[in-house]
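Asks: For reference, the chains in residue letters:
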Amino acid sequence: MELFFATYVLPGLIILLKSVVMIVVLLIFVAYILYADRKIWAAVQLRRGPNVVGPWGLFQAFADLFKFVFKEPVIPSGANKGVFLLAPVVAAVLALAAWAVIPVDEGWAIANVNIGILYVFAIASLEVYGVIMGGWASNSKYPFLGALRSAAQMVSYEVSIGFVIVTVLLTVGSLNLTDIVLAQGDGLGTMLGLPNTFLDWNWLALFPMFIVFFISALAETNRPPFDLVEAESELVAGHMIEYSSTPFLLFFLGEYVAIVLMCALTTILFLGGWLPPFDFAPFTWLPGIVWFVLKVCMVFFMFALVKSFVPRYRYDQLMRLGWKVFLPLSLFMVVATAAFLKFTGMA
Amino acid sequence: MLTGLEAIFFYLFAFLTVAAAFMVVSARNPVHSVLYLIVAFFNSAGLFLLTGAEFLAFIMLVVYVGAVAVLFLFVVMMLDVDFAELKRGALQYAPVGALVGIILAAELVIVLGGYAFAPELAGDIAKPAPPPSVRHNTAALGDILYTDYIHYFQIAGMVLLVAMIGAIVLTLRHKEGVKRQNISVQVARTPETAIEIKKVETGEGI
Numbered sequence: 001m002e003l004f005f006a007t008y009v010l011p012g013l014i015i016l017l018k019s020v021v022m023i024v025v026l027l028i029f030v031a032y033i034l035y036a037d038r039k040i041w042a043a044v045q046l047r048r049g050p051n052v053v054g055p056w057g058l059f060q061a062f063a064d065l066f067k068f069v070f071k072e073p074v075i076p077s078g079a080n081k082g083v084f085l086l087a088p089v090v091a092a093v094l095a096l097a098a099w100a101v102i103p104v105d106e107g108w109a110i111a112n113v114n115i116g117i118l119y120v121f122a123i124a125s126l127e128v129y130g131v132i133m134g135g136w137a138s139n140s141k142y143p144f145l146g147a148l149r150s151a152a153q154m155v156s157y158e159v160s161i162g163f164v165i166v167t168v169l170l171t172v173g174s175l176n177l178t179d180i181v182l183a184q185g186d187g188l189g190t191m192l193g194l195p196n197t198f199l200d201w202n203w204l205a206l207f208p209m210f211i212v213f214f215i216s217a218l219a220e221t222n223r224p225p226f227d228l229v230e231a232e233s234e235l236v237a238g239h240m241i242e243y244s245s246t247p248f249l250l251f252f253l254g255e256y257v258a259i260v261l262m263c264a265l266t267t268i269l270f271l272g273g274w275l276p277p278f279d280f281a282p283f284t285w286l287p288g289i290v291w292f293v294l295k296v297c298m299v300f301f302m303f304a305l306v307k308s309f310v311p312r313y314r315y316d317q318l319m320r321l322g323w324k325v326f327l328p329l330s331l332f333m334v335v336a337t338a339a340f341l342k343f344t345g346m347a
Numbered sequence: 348m349l350t351g352l353e354a355i356f357f358y359l360f361a362f363l364t365v366a367a368a369f370m371v372v373s374a375r376n377p378v379h380s381v382l383y384l385i386v387a388f389f390n391s392a393g394l395f396l397l398t399g400a401e402f403l404a405f406i407m408l409v410v411y412v413g414a415v416a417v418l419f420l421f422v423v424m425m426l427d428v429d430f431a432e433l434k435r436g437a438l439q440y441a442p443v444g445a446l447v448g449i450i451l452a453a454e455l456v457i458v459l460g461g462y463a464f465a466p467e468l469a470g471d472i473a474k475p476a477p478p479p480s481v482r483h484n485t486a487a488l489g490d491i492l493y494t495d496y497i498h499y500f501q502i503a504g505m506v507l508l509v510a511m512i513g514a515i516v517l518t519l520r521h522k523e524g525v526k527r528q529n530i531s532v533q534v535a536r537t538p539e540t541a542i543e544i545k546k547v548e549t550g551e552g553i
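Chains as they are written, first to last, in my numbering: chain A, 1 to 347; chain B, 348 to 553.
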């Protein structure tokens with residue numbers, strides 16, 4: 001009995017505790033990411049943005065939360081009820097599940113799996129199901145069109161994201177997210193004889209792939225300028241039209257958690273995760289997690305700026321970019337990187 | 348023999364796989380069938396994880412659930428399925444279906460029977476995998492696929508390429524009079540080629 005407790009119950013409880021902490025911190029972070037998104041968007045358009053609830057509008061996201069939760073959920077009579085309610089749950093759960101393997105500091109991951117990057121990629125490729133199921137189950141024209149668009153869009157951009165990840169894996173030689181970050185401690189900068197700085201990180205060595213990954217991440221999370229799934233001017237709100245109250249909130253939450261996940265992934269793959277930008281004092285005084293969060297916020301700032309600056313793509317332009325520009329480019333980079341590593345003997 | 352948590356998870360995944368597979372064929376709505384198929388894929392990925400084949404498990408999720416099943420769902424959602432029609436046609440194909448089922452069942456019996464009667468045969472076929480502490484199965488798979496059997500891999504790739512080109516050729520239609528967008532021409536436009544400035548006299552018009 002004691003053995004049973006020590007082998008199963010205690011580790012189980014620890015994992016549960018870690019997960020709860022992770023989810024709570026993540027959700028609070030997402031609440032402020034949402035607020036930041038609206039504030040940045042407003043600042044670009046010379047508006048004030050949310051400024052009523054709390055000082056500077058800081059509690060706006062929580063007010064929105066209560067508003068959604070206490071409203072009545074409306075289910076259309078023609079909807080396929082089971083799938084209709086399952087879709088937002090799938091969207092939110094999958095977005096949160098991917099965070100199980102994200103290391104925010106050395107050793108600070110709920111699960112430090114050998115093939116962490118593959119797990120995140122698999123979960124990210126499943127996120128399309130929330131959209132498709134919601135769009136189909138609503139039994140309505142615009143959601144259905146939105147679902148069809150998203151299915152094609154997310155499958156297209158996953159291909160180039162996959163190849164970008166492969167180039168990173170080739171240079172690092174491991175699928176473990178912690179190893180990927182640690183491998184960025186030495187890189188291009190140290191080869192040139194400089195001390196360990198931000199020049200070592202993958203973004204410089206794999207610069208074209210960094211750009212491809214950033215743009216594909218926008219498309220994968222349905223952010224503007226690739227938000228054709230929910231383009232207001234064409235499809236009202238795409239797959240979310242028929243949703244109200246908590247199911248809508250879950251969709252919304254899933255979307256933003258997925259966006260933060262993509263920011264975290266960009267940080268881990270290209271911006272050196274929790275490593276400080278200069279490997280000497282005073283930069284090393286700050287704990288790694290602070291650098292990690294700062295980098296995630298920086299990437300998100302770019303996401304928010306793109307949203308406010310760039311006009312929406314047309315659907316055929318989106319497909320052209322994915323298949324005719326990114327796919328050949330990333331495929332070429334995989335071959336070029338592999339050949340470089342092989343012939344310089346670094347692999 | 349499976350013990351402890353491993354056994355619990357094995358029976359959980361195995362039961363859910365079989366139950367979901369059963370629902371795939373018995374669900375009345377084809378979209379529900381595809382969704383159950385996804386559940387079955389998920390649980391078989393879980394079974395792969397239990398055997399320590401984590402690479403296969405996640406590739407299964409990425410390829411089958413993330414891409415193949417999405418396209419399935421795409422097609423099934425677009426079809427206007429008449430359930431009565433579907434049910435009427437089903438009996439007609441029952442003998443063929445039964446035949447395929449019997450062949451599959453027989454093959455399964457032969458494979459499992461081989462294991463039961465002559466366990467030493469399995470050792471001849473299986474190539475011993477290196478222990479996980481020495482080499483991750485991702486790297487081991489890469490060695491086998493891209494180093495030991497690279498030519499078979501390339502032949503498989505060529506076959507797929509031919510199939511893809513064939514599908515494109517079959518569906519490609521050249522329409523006359525379609526205006527196509529040429530991005531590079533658009534980008535290369537300058538004010539000189541695009542704008543013509545005319546001096547308009549007051550009251551004259553162009």
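Think of the hints as simulated: they come from the structure by calculation, not from any bench.
Beta carbons: idealized from backbone N, C-alpha and C, even for Gly.
Some hints could be false.
[As the list claims (entries may be wrong)] Below, in silico cross-link-like pairs of lysine-lysine (DSBU-like), each with a Cα-Cα straight-line distance of 30 angstroms or less:
1. A:Lys324 to B:Lys546
2. B:Lys526 to A:Lys141
3. A:Lys324 to B:Lys545
4. B:Lys522 to B:Lys546
[What the hints assert, rightly or not] Reference listing, derived: stretches of chain A covered by chain B, where coverage requires no fewer than 3 residues with Cβ under 8 angstroms from a Cβ of chain B:
5. 109-117
6. 125-137
7. 141-151
[What the hints assert, rightly or not] Chain B residues, not near chain A, derived (Cβ > 12 angstroms throughout):
8. Phe360
9. Gly413
10. Leu446
11. Ala503
Asks: Next step is simple, just say for each hint if it's right about the structure.
Replies: Evaluation of the provided hints:
no., hint, in the structure
1, A:Lys324 to B:Lys546, "43 angstroms, violated"
2, B:Lys526 to A:Lys141, "29 angstroms, holds"
3, A:Lys324 to B:Lys545, "40 angstroms, violated"
4, B:Lys522 to B:Lys546, "41 angstroms, violated"
5, 109-117, "holds (count 3)"
6, 125-137, "holds (count 7)"
7, 141-151, "holds (count 4)"
8, Phe360, "16 angstroms, holds"
9, Gly413, "3 angstroms, violated"
10, Leu446, "34 angstroms, holds"
11, Ala503, "18 angstroms, holds"
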